[in-house]
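The lines below spell out each chain.
Protein chains: 2
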Amino acid sequence: MEIKQAFGVILRCYRKKANYSQEKLAFDCNLDRTYISLLERGKRRPTLDTIFTISRALKVSPSALVTDVEKLLVNKNSSLS
Amino acid sequence: MEIKQAFGVILRCYRKKANYSQEKLAFDCNLDRTYISLLERGKRRPTLDTIFTISRALKVSPSALVTDVEKLLVNKNSSLS
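In order, the protein sequence lines correspond to chains A and B.
In terms of the working numbering, the first sequence opens at residue 235 and continues consecutively.
In terms of the working numbering, the second sequence opens at residue 235 and continues consecutively.
I should point out that these hints are in silico values taken from the structure, not numbers from a laboratory.
Treat the hints loosely; a few may be bogus.
Some but not every residue of chain A turned toward chain B, in silico, with C-beta under 8 Å [what the hints assert, rightly or not]:
#1 Ile237
#2 Lys238
#3 Phe241
#4 Gly276
#5 Arg279
#6 Ile285
#7 Glu304
#8 Val308
#9 Asn309
#10 Ser312
Stretches of chain B that chain A covers, calculated by requiring three or more beta carbons in the stretch to come under 8 Å of a beta carbon on chain A [stated by the list, open to error]:
#11 252-262
#12 274-288
Ideal Cβ positions, reconstructed from N, Cα and C, are used throughout, including at glycine.
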C-alpha cells in the first residue's frame, strides 16, 4: 500500500467520523470537492499544508492523522510480506 | 510563521541531530541536495511522501516530525499575537 492510498483511507475514516460530506469538508478547507475525492481515492499526494488545513476542519491534530497513516501502512504492508 | 517554514526549522534540527550533511540526507532520500536546502529554508511545501522518505533516512517517525512542526507553530504564532 502506498502512502497516498493510506492517507486516503484515513482521511475518509476521519471525515465520516465527523459526519461531514465531501462537500462540507471541501467548503471548510477552501478546497475543491473533486480534490477531496481524489485524496480519498489515493490519487493525489497531499502536502503538509493540505494535511494541516484538513485536520483543522476535522478538529483533529495533523500528527494524529499521520500516526494513523503510519499504523495503517505497517499493518497493510506487513500482512502482505 | 508558515507551515513550510516551521517544517524547514524542524528538518534542519533533526538533520543536525543525526549529524548528517544535506548531501548525505539527499543521497539517502534519493532527492536533490538543492531540494533539501529549499525545504530547510521554507521555500518548498513537502508532500506526505517526502516527509516519510526523510523521516526514514533520519530514523524518526513521520508523526514525531509533524508533532514538532505543530508545537513550533503554536509557540511562534502565539508569541506573536
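Please write out, lowest number first, the hints stated earlier that are contradicted by the structure.
4, 8, 9, 10, 11
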